[in-house]
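For the protein sequence lines, the chains are A and B, in the order given.
Under the working numbering, residues 21 to 479 are what the first sequence spells out, in order.
Under the working numbering, residues 227 to 393 are what the second sequence spells out, in order.
Worth flagging that the hints you see were computed from the coordinates, not collected in a lab.
Every residue, glycine too, gets a C-beta built ideally from N, C-alpha and C.
Warning: the hint list may mix true and false statements.
Here's a subset of chain A near chain B, in silico, CB distances under 10 angstroms, partners left out [unchecked claim]:
(1) S28
(2) P31
(3) L33
(4) L37
(5) I108
(6) A122
(7) I140
(8) E143
(9) S148
(10) I155
(11) N158
(12) A198
(13) S277
(14) M281
(15) L285
(16) I436
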Amino acid sequence: MITLIILSILPILILYLGLYKAKSALLPVTVAGLLVALGFALAEWNSGAQPIFSGMMLFDNFSIAFSAVTIISTALIVLLSKGFFEKISSNVAEYYAIMLFALAGIVVMVSFYNMVMLFIGLEIMSVSLYILAGIRKNDFASNEAALKYFLMGAFSTGFLLFGITLIYGAAGSFNLEAIRDWVITNPRNVDPLFHTGLLLIIVGMCFKVGAAPFHFWTPDVYEGSPTLITTFMSTVVKTAGFAAFLRLFSASFATLSDFWMPVLLVITILTLFIGNITAVYQQSFKRMLAFSSISHAGYLLFAIVALGAASANSVFMYTSAYSVASIIAFGALILVQQHTGSDSFDSFNGLAAKNPFLAFTLTIAMLSLAGIPLTAGFIGKFFMFSGALSQYHIWLVIIAVVNAIISIFYYFRVIIAMYFRTADRNELVVPGYYSFVLGAAALATIIIGIYPAFISNLI
Amino acid sequence: MSTFYFIAFLSVFFAILVISARNPVHSILYLILTFFTFTIHYILLNAQFLAVVNFIVYMGAILVLFLYTLMLMNLNKESEPVKSTIVKIAAVFGGGCLLVTVVASLKTLGTSNPVVLQNPNLGLVKNLGKVLFNEFLLPFEVSSLLLLSAMVGAVLLATKDKQPKTT
Numbered sequence: 021m022i023t024l025i026i027l028s029i030l031p032i033l034i035l036y037l038g039l040y041k042a043k044s045a046l047l048p049v050t051v052a053g054l055l056v057a058l059g060f061a062l063a064e065w066n067s068g069a070q071p072i073f074s075g076m077m078l079f080d081n082f083s084i085a086f087s088a089v090t091i092i093s094t095a096l097i098v099l100l101s102k103g104f105f106e107k108i109s110s111n112v113a114e115y116y117a118i119m120l121f122a123l124a125g126i127v128v129m130v131s132f133y134n135m136v137m138l139f140i141g142l143e144i145m146s147v148s149l150y151i152l153a154g155i156r157k158n159d160f161a162s163n164e165a166a167l168k169y170f171l172m173g174a175f176s177t178g179f180l181l182f183g184i185t186l187i188y189g190a191a192g193s194f195n196l197e198a199i200r201d202w203v204i205t206n207p208r209n210v211d212p213l214f215h216t217g218l219l220l221i222i223v224g225m226c227f228k229v230g231a232a233p234f235h236f237w238t239p240d241v242y243e244g245s246p247t248l249i250t251t252f253m254s255t256v257v258k259t260a261g262f263a264a265f266l267r268l269f270s271a272s273f274a275t276l277s278d279f280w281m282p283v284l285l286v287i288t289i290l291t292l293f294i295g296n297i298t299a300v301y302q303q304s305f306k307r308m309l310a311f312s313s314i315s316h317a318g319y320l321l322f323a324i325v326a327l328g329a330a331s332a333n334s335v336f337m338y339t340s341a342y343s344v345a346s347i348i349a350f351g352a353l354i355l356v357q358q359h360t361g362s363d364s365f366d367s368f369n370g371l372a373a374k375n376p377f378l379a380f381t382l383t384i385a386m387l388s389l390a391g392i393p394l395t396a397g398f399i400g401k402f403f404m405f406s407g408a409l410s411q412y413h414i415w416l417v418i419i420a421v422v423n424a425i426i427s428i429f430y431y432f433r434v435i436i437a438m439y440f441r442t443a444d445r446n447e448l449v450v451p452g453y454y455s456f457v458l459g460a461a462a463l464a465t466i467i468i469g470i471y472p473a474f475i476s477n478l479i
Numbered sequence: 227m228s229t230f231y232f233i234a235f236l237s238v239f240f241a242i243l244v245i246s247a248r249n250p251v252h253s254i255l256y257l258i259l260t261f262f263t264f265t266i267h268y269i270l271l272n273a274q275f276l277a278v279v280n281f282i283v284y285m286g287a288i289l290v291l292f293l294y295t296l297m298l299m300n301l302n303k304e305s306e307p308v309k310s311t312i313v314k315i316a317a318v319f320g321g322g323c324l325l326v327t328v329v330a331s332l333k334t335l336g337t338s339n340p341v342v343l344q345n346p347n348l349g350l351v352k353n354l355g356k357v358l359f360n361e362f363l364l365p366f367e368v369s370s371l372l373l374l375s376a377m378v379g380a381v382l383l384a385t386k387d388k389q390p391k392t393t
C-alpha cells in the first residue's frame, strides 16, 4: 500500500518540479522515488498479508514480486530517457509524471483482489499509455498509434467490463474469493451468464496483452509510438497484463479450467504462429520486435493454459527475462535510430567493429529472446515448457519448440548484420546512462541464465 | 411487466432508427430518445441515482458534444466512402454468424426466477453513498489517479509547443 501511495504522490511532485523549471532534478527525483517505492514494496515480503480495504487489494508475495519487476524495469527505462524527451518538446516533467501514473495503475493491477480494482488499475494504465503513444504531436505515425490504441483499447475495455458485469450478475460479487466460492458451491449448474462473462473477460485481457487474434493493434502502435514508450509498453505493461490475467484466473476460475482451457489453447497456438511467422518477413527492427512481443505473449499464455502452483513462478521468470532483454534491444535501437535515422536491419550493419560493447549486449539480448541456453530467456522458456509438460500438453510444447526455432532465424539477422556485414559508419556515442543500463541488463540476463535458483523459487 | 416490454420495445425501435437514419443529425436525435428510454428503465429498476445521472450526463452533456462535433465535421453523402461488394458480403456473413450464435445461446438460456430485491431502497442516492464510502472507498479514491492522469494528458496533448519540431 505504501508503494502505491508513493507512486501516486511522486508524479504530482514531478509535476511541481516541472512547474518550477527544475529540469535537471527530474530524472534523479524520479529514480530515487522509484527506488524508495521498491524498498517499501520489498519490506512487506513474507509478512503474511491479508486483504485490505474490505477485500479490495492483497499485497502478497505475488504482487510484491511483480511490483518489483515492473518498478525496476521502469527505473531502467527512465534512465534511458535521458535526453530523449527533450527532443520531443519542452514539457518533460509531464512525460515522467504520466509514466509514473501508469506505473501506479500497474501496481493496482498486480495486487487487486476485487474486479473493480482490476478495472480501475487497467484503465489508469491504459489511459496513460494512450497519451504517451501520441506525445510526438507533429509525427503522423505517432498520432495514428495513439488514435488506434485508444479506439482498440476502449473497445477491449468494453468487452472486459461487460464480462465483469455478467460475472457479477451470476456470482453476486466482485470479490475474487467470493467468486471462487460461488463456483465451488455450484459445480454442476454454473450459469450460462457466467460462461459468457468468462469468455468476454478472456477477450478483453487478450486484447490488452496483445495475443492473437486480438493483436492487430500491436504492430502499428509499437512502431508508431516513440521508441522509449514502445519499450515501456512491451516490457512493463505486458508484465502487468499477464500478472493480472494470471491472478484473476488462478484466484477465481481455476476450478472451471475444463471450460476455458481449450479456448486459451487455441489462442496460444494462433499467437505463436502469427507472431513468429510474421516477424520473419519484417524489414524494420522495431516492427520485428513488435511481432516478437506477440509471440512472447504466446509463450506467456502457457502458464495460464497449464494453470498450476508453479504458474506464478514461471510467469515471473519469463517476464523478468523478457523485460531485461527487451530493454537492451530497444535501448540499442534508440541509439542506432538517433544516429542513422532509420530502424531497419541494415542500419545495424557493421556495428560490432565500431561499438563492440553495444553489439555484445545486443547479442546477449537477442540470444535471450531466442531462448539459447545460459541466458535468462532459456530458463524462462524451460519453466514454461516444463509447466505445460506436467499437464501433458505435449503437442503444445512441440509446436512451441518449432516456433522457437523459427524465432532464432529473425533474432539472428541482427547479430549477422552487426558482426558479418560491413558498412561505412562512424562510432556511435553511447552515453554513460545507456552503458550502465545496457550493462546491468546484460549482466542480469546472464546471472539469471547461469544461476536461476537466484529468483526461481521466490513466489 | 407490460411497462417494461413497452419501454424495451421503444429502446430497440429507436436504436434501430439511430443506425438506419440517413441524416446524421436525425441519428443523434434518435440516440437522445434511446437514452431517454434507458432512463425509464433505470427508474423501473429502482436505480434513481443512475437514472438522474443518465439523464443529465448522457442525454444532456454528451449528446450536445456529439451534435457540436457533427457540426464541425462535414458529413455529406458524397464524402462517405463507397463500400465494395466484398465488404458487403463479408458484413452479411459476419452478421449472420452473430445471429446464429445469439439465437443458439438464447435457446439454451433458461428463464431464471424473478430477482426480488432484498432491500427496496437499494438504488437510492443515500445507500449508494454509504456503499461508495465504506466498502468501495479505495476504488473511489484510486479513480482520482485516473482522472488526474487523463487531465494532465489532455492538457499535454492540447498545448501548442513553442518551437514545433519537424521530426
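Cross-check of the supplied hints:
For S28 (chain A), the interface hint holds, since its Cβ comes within 10 angstroms of a Cβ in chain B; the closest pair sits about 6 angstroms apart. Satisfaction of the interface hint for P31 (chain A) is found here, the shortest Cβ-Cβ separation to chain B being roughly 8 angstroms, below the 10 angstroms cut-off. Interface hint status for L33 (chain A): violated, as the beta-carbon distance to the closest one in chain B is roughly 13 angstroms, over 10 angstroms. Hint status for L37 (chain A) relative to chain B: violated, with the closest Cβ pair at about 14 angstroms, above 10 angstroms.
Below 10 angstroms, beta-carbon pairs count as interface contacts, and I108 (chain A) has one with chain B at about 7 angstroms; its hint therefore holds. Because the beta carbon of A122 (chain A) sits about 8 angstroms from the nearest beta carbon in chain B, less than 10 angstroms, this interface hint is met. Satisfaction of the interface hint for I140 (chain A) is found here, the shortest Cβ-Cβ separation to chain B being roughly 5 angstroms, below the 10 angstroms cut-off. Because the smallest distance between the Cβ of E143 (chain A) and any Cβ of chain B comes to about 6 angstroms, under 10 angstroms, the interface hint for this residue holds.
Here the hint on S148 (chain A) is kept, as its CB sits about 5 angstroms from the closest CB of chain B, short of 10 angstroms. The beta carbon of I155 (chain A) is positioned within 10 angstroms of a beta carbon in chain B (closest approach about 7 angstroms), and the interface hint is therefore held. Because the closest C-beta pair between N158 (chain A) and chain B is about 6 angstroms apart, less than 10 angstroms, the hint holds. Checking A198 (chain A) against chain B: minimum C-beta separation of about 12 angstroms lies over 10 angstroms; hint violated.
About 21 angstroms separates the beta-carbon of S277 (chain A) from the nearest beta-carbon of chain B, more than 10 angstroms, and the hint is not met. At its closest, the beta carbon of M281 (chain A) sits 21 angstroms from a beta carbon of chain B; the interface hint therefore is violated under the 10 angstroms criterion. A hinted interface residue such as L285 (chain A) counts as satisfied when its beta carbon comes closer than 10 angstroms to some beta carbon of chain B; here the least separation is about 21 angstroms, so the hint is violated. Because the smallest distance between the Cβ of I436 (chain A) and any Cβ of chain B comes to about 30 angstroms, over 10 angstroms, the interface hint for this residue is violated.
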